[in-house]
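Peer 1: Count along the sequence shown starting at 1, add 273, and that's the number in our numbering.
If you are wondering where the hints come from, they were derived from the structure by calculation, not from laboratory data.
What you are looking at is a predicted structure, and each value in this text was computed from that prediction instead of being measured.
Honestly, I wouldn't trust all of these hints.
Dumping the calculated SDA-like pairs for lysine to any residue here, alpha-carbon to alpha-carbon at most 20 Å [stated by the list, open to error]:
id, residue 1, residue 2
1, Lys379, Thr279
2, Lys349, Tyr386
3, Lys362, Thr446
4, Lys362, Lys399
5, Lys379, Val367
6, Lys409, Lys349
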Amino acid sequence: MNINATLINILQICQRELWLHANNITMEHTSDLVTEGKQIGEESYPQRAERNQEVAISAEINGIACNAKIDFYDAKSGVVHEIKKSSAKEMAHVSQVQFYLYLLRKNGIEANYGIIEYPKLRQTEKVELHEDDIQKIERWVKKVDEIINQEMCPPSLPKSKCRNCSYFDFCHTVEE
Numbered sequence: 274m275n276i277n278a279t280l281i282n283i284l285q286i287c288q289r290e291l292w293l294h295a296n297n298i299t300m301e302h303t304s305d306l307v308t309e310g311k312q313i314g315e316e317s318y319p320q321r322a323e324r325n326q327e328v329a330i331s332a333e334i335n336g337i338a339c340n341a342k343i344d345f346y347d348a349k350s351g352v353v354h355e356i357k358k359s360s361a362k363e364m365a366h367v368s369q370v371q372f373y374l375y376l377l378r379k380n381g382i383e384a385n386y387g388i389i390e391y392p393k394l395r396q397t398e399k400v401e402l403h404e405d406d407i408q409k410i411e412r413w414v415k416k417v418d419e420i421i422n423q424e425m426c427p428p429s430l431p432k433s434k435c436r437n438c439s440y441f442d443f444c445h446t447v448e449e
């Protein structure tokens, strides 16, 4: 299986969700929050599609196939733009953008930095990729590969960490 930016993002949040998602057990279609996030991404910057391009990119990292689809890449300035609904999962967002930057650079494409945009909050965050981040990303790729190839699904997190997760009912409903 190819490791993609979504899996890198999910790794920062929940290993169980990562395993389920990678094994085609998806619940996002049942979540109003996911739908709202997609709508914000599609409607927040309608003029952006004219100035930026969508980029599909892949590379091998330590023998593991990786890929990503970057929605908004400004080739003139070498900037990746990522739109998110809220800053609640900020580290996961940063990780995803760093993964994009790493794949671009690995393919010889200029990738100066990324910008995460939070339209509802009217905030942005600049994301850079440093030498120590590269080693971290390589460890993430290896960890994702290990998790998705486990025979058994990892345990769920405590309920308090999962309240807004689209997998909440799946993970925390007990059959009687």
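Peer 1: So if I understand the rule, the pair passes when the alpha-carbon distance is 20 Å or less; does lysine 362 with threonine 446 pass?
Peer 2: Measuring from Cα to Cα gives roughly 24 Å; hence the hint is violated.
Peer 1: Taking 20 Å as the top limit, are the C-alpha atoms of lysine 349 and tyrosine 386 close enough?
Peer 2: holds, 12 Å
Peer 1: Within 20 Å, alpha carbon to alpha carbon, are lysine 362 and lysine 399?
Peer 2: holds, 15 Å
Peer 1: Does valine 367 sit within 20 Å of lysine 379, going by the straight-line distance between their CA atoms?
Peer 2: Satisfied, since the Cα-Cα distance of roughly 18 Å is no more than 20 Å.
Peer 1: Verify the proposed pairing of lysine 379 with threonine 279, using a straight-line Cα cut of 20 Å.
Peer 2: Distance of about 19 Å is within 20 Å: holds.
Peer 1: Could you grab the alpha-carbon distance between lysine 409 and lysine 349 and see if it respects the 20 Å cut-off?
Peer 2: This hinted pair is violated, its Cα atoms lying about 28 Å apart.
The structure fails to meet hints 3 and 6 from the earlier list, while all remaining hints are met.
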